[in-house]
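Asks: Using the sequences plus the hints, can you model the full thing?
Residue 344, in UniProt numbering, is where the sequence shown stops; the numbers in between run on with no holes.
Keep in mind the hints are simulated off the structure, nothing from the lab. Virtual Cβ for every residue (Gly too), placed ideally from N, Cα, C. There is no bait here: all hints are sound.
In silico DSBU-like links for lysine-lysine, alpha-carbon gap of 35 Å or less:
| hint | residue 1 | residue 2 |
| --- | --- | --- |
| 1 | K53 | K16 |
| 2 | K134 | K78 |
| 3 | K16 | K46 |
| 4 | K53 | K159 |
| 5 | K282 | K214 |
| 6 | K134 | K21 |
| 7 | K98 | K66 |
| 8 | K21 | K46 |
Restraint-style ranges between C-beta atoms, simulated for each label pair:
| hint | residue 1 | residue 2 | range |
| --- | --- | --- | --- |
| 9 | D258 | T191 | 31 to 41 Å |
| 10 | R146 | E71 | 43 to 53 Å |
| 11 | K134 | Q79 | 17 to 27 Å |
| 12 | E199 | Q89 | 42 to 52 Å |
| 13 | K205 | Q272 | 34 to 44 Å |
| 14 | K205 | V62 | 49 to 59 Å |
| 15 | P302 | I80 | 52 to 62 Å |
| 16 | T228 | D258 | 19 to 29 Å |
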Amino acid sequence: MVLRSRLVSAVVFPIKHYQDKIRPYIQLPSHRNITGIVEVILGETKAYVFFEKDFGDMHSYVRSRKRLREEEASRLFKQIVSAVAHCHQSAIVLGDLKLRKFVFSTEESSPDPPLPGFAAATYCPIRAYVFFEKDFGDMHSYVRSRKRLREEEASRLFKQIVSAVAHCHQSAIVLGDLKLRKFVFSTEERTQLRLESLEDTHIIKGEDDALSDKHGCPAYVSPEILNTTGTYSGKAADVWSLGVMLYTLLVGRYPFHDSDPSALFSKIRRGQFCIPDHISPKARCLIRSLLRREPSERLTAPEILLHPWFESVLEPGYVDSEMGTSDQIVPEYQEDSDVSSFFC
Numbered sequence: 001m002v003l004r005s006r007l008v009s010a011v012v013f014p015i016k017h018y019q020d021k022i023r024p025y026i027q028l029p030s031h032r033n034i035t036g037i038v039e040v041i042l043g044e045t046k047a048y049v050f051f052e053k054d055f056g057d058m059h060s061y062v063r064s065r066k067r068l069r070e071e072e073a074s075r076l077f078k079q080i081v082s083a084v085a086h087c088h089q090s091a092i093v094l095g096d097l098k099l100r101k102f103v104f105s106t107e108e109s110s111p112d113p114p115l116p117g118f119a120a121a122t123y124c125p126i127r128a129y130v131f132f133e134k135d136f137g138d139m140h141s142y143v144r145s146r147k148r149l150r151e152e153e154a155s156r157l158f159k160q161i162v163s164a165v166a167h168c169h170q171s172a173i174v175l176g177d178l179k180l181r182k183f184v185f186s187t188e189e190r191t192q193l194r195l196e197s198l199e200d201t202h203i204i205k206g207e208d209d210a211l212s213d214k215h216g217c218p219a220y221v222s223p224e225i226l227n228t229t230g231t232y233s234g235k236a237a238d239v240w241s242l243g244v245m246l247y248t249l250l251v252g253r254y255p256f257h258d259s260d261p262s263a264l265f266s267k268i269r270r271g272q273f274c275i276p277d278h279i280s281p282k283a284r285c286l287i288r289s290l291l292r293r294e295p296s297e298r299l300t301a302p303e304i305l306l307h308p309w310f311e312s313v314l315e316p317g318y319v320d321s322e323m324g325t326s327d328q329i330v331p332e333y334q335e336d337s338d339v340s341s342f343f344c
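Replies: Spelled out as structure tokens, the structure:
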């Protein structure tokens with residue numbers, strides 16, 4: 001069985017035969033025209049061998065092109081012969097040699113570009129291995145490295161964050177434990193974000209989004225979670241977390257922060273925070289519309305997308321203020337210890 005993804009291809013072998021199957025790959029010195037093994041995962045009865053991703057084979061390519069011009073054929077055939085010669089020099093005879101065994105290693109040569117999204121899943125009797133697309137860093141680390149973001153960039157990225165959350169809410173999914181670290185860049189240029197780590201989300205039924213779970217990152221927790229022993233609105237709690245995110249993007253620190261957990265939670269319960277003068281009026285308005293103590297007074301995720309701040313930063317003549325030099329840093333939370341200490 002072969003499982004293909006955007007990053008790797010997995011071939012599944014019976015556990016007792018896999019070493020014989022991969023021996024030629026182990027014996028061969030590395031060569032640019034020969035596929036390499038990325039990883040081997042052993043299950044109880046199966047071995048999952050992961051190879052570098054390919055982008056279509058030569059047989060299919062020639063069929064789609066009818067025939068190749070000599071210049072292109074010469075370039076590709078030289079790579080084919082180079083791979084075969086390398087095998088022969090390493091005491092390996094290929095046998096059953098054919099065009100279909102040669103695949104493109106780059107997307108530029110493929111007639112069919114791969115689809116984005118979920119990569120692959122493999123199963124063995126006791127474990128499931130799930131593979132996702134590669135990311136290029138998370139938003140928490142990005143803001144720490146930049147101190148704070150200018151409003152134009154923050155607007156563009158925050159709109160993607162809210163769009164993802166709104167999509168989840170409209171699909172009956174409440175995220176909970178929502179934070180910057182769960183949003184990662186999907187491109188090396190760091191312009192596109194995607195939400196990951198949906199394993200601990202809550203699937204709701206109908207319009208009832210009442211939750212009782214009290215686990216989460218302390219800096220992002222909403223007042224009603226701290227104040228109630230019963231249930232609270234999961235969607236409204238997500239919106240509070242969005243407010244914390246927006247404040248952090250623009251200011252460079254959390255709106256509520258204290259090294260002492262009790263003091264931190266006391267500040268969150270009061271809902272009192274200060275917005276620096278360099279933040280624009282419309283951004284201040286949006287932050288205050290999200291960080292309201294009363295959950296019913298907060299905007300919904302779809303409503304956030306309609307806020308005029310997103311358009312105002314694109315207007316001619318808009319000037320972002322320079323960043324202040326004091327206290328502009330996102331602290332690093334050790335989440336494993338923090339969360340287990342604060343919530344049970």
